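With numbering that gives the first Met the number 0, letter number 77 in the sequence shown gets 76, and the count goes up by one each step, no holes.
Honestly, the hints are just simulated from the structure, not real lab data. Keep in mind the model is a prediction, meaning the values are calculated, not measured. Treat the hints with care, since some could be wrong.
The calculated label-pair distances, taken between Cβ atoms and stated as ranges, are [stated by the list, open to error]:
#: 1; residue 1: I8; residue 2: V47; range: 16 to 24 Å
#: 2; residue 1: T79; residue 2: T17; range: 32 to 40 Å
#: 3; residue 1: G23; residue 2: I72; range: 39 to 47 Å
#: 4; residue 1: R27; residue 2: R111; range: 21 to 29 Å
#: 5; residue 1: V10; residue 2: V47; range: 19 to 27 Å
#: 6; residue 1: Q16; residue 2: I120; range: 25 to 33 Å
#: 7; residue 1: V114; residue 2: T25; range: 25 to 33 Å
#: 8; residue 1: E110; residue 2: L60; range: 15 to 23 Å
#: 9; residue 1: G119; residue 2: M92; range: 21 to 29 Å
Ideal Cβ positions, reconstructed from N, Cα and C, are used throughout, including at glycine.
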Amino acid sequence: MPGRLFGAINVSYEPEQTRLHATGETLRDSTLGISTAVSVQVTPGVFVGAEVRNLRHYDGLGLSSFTGQALYIGPTFYMTLSDKTWLSVAWNMQAWGTTECGGALDLTNFERHNVRLRLGIIF
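Please take these sequences and the hints and turn them into a complete structure.
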């Protein structure tokens with residue numbers, strides 16, 4: 000449905016390094032993610048949809064040692080405010096997860112809810 004239906008697939012890699020000033024210790028970890036989303040235009044410039052994201056957490060920057068994962072599901076909203084500004088909101092809830100210790104959710108490495116609010120300005 001050209002102009003009415005939009006789909007996307009994203010892959011992300013997020014390395015993170017933290018140095019603790021008290022001890023001088025350096026912690027390194029990384030997250031690998033894949034997400035897919037589908038949106039439909041309900042009125043000109045307004046899209047609503049759904050997103051599914053799977054995130055995997057590793058010790059080390061090179062995806063060395065798996066420590067847990069989480070599957071997020073939730074609604075999305077996008078609106079064009081003007082020719083040069085837009086607003087998007089996504090709210091994802093952790094629906095499933097695993098850790099080294101087991102459990103139904105991975106609340107050690109990931110949050111239960113994830114909300115993203117973005118305001119874009121083209122200049």
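| Those earlier numbered hints the structure runs against, lowest number first | Those not satisfied: there are none.
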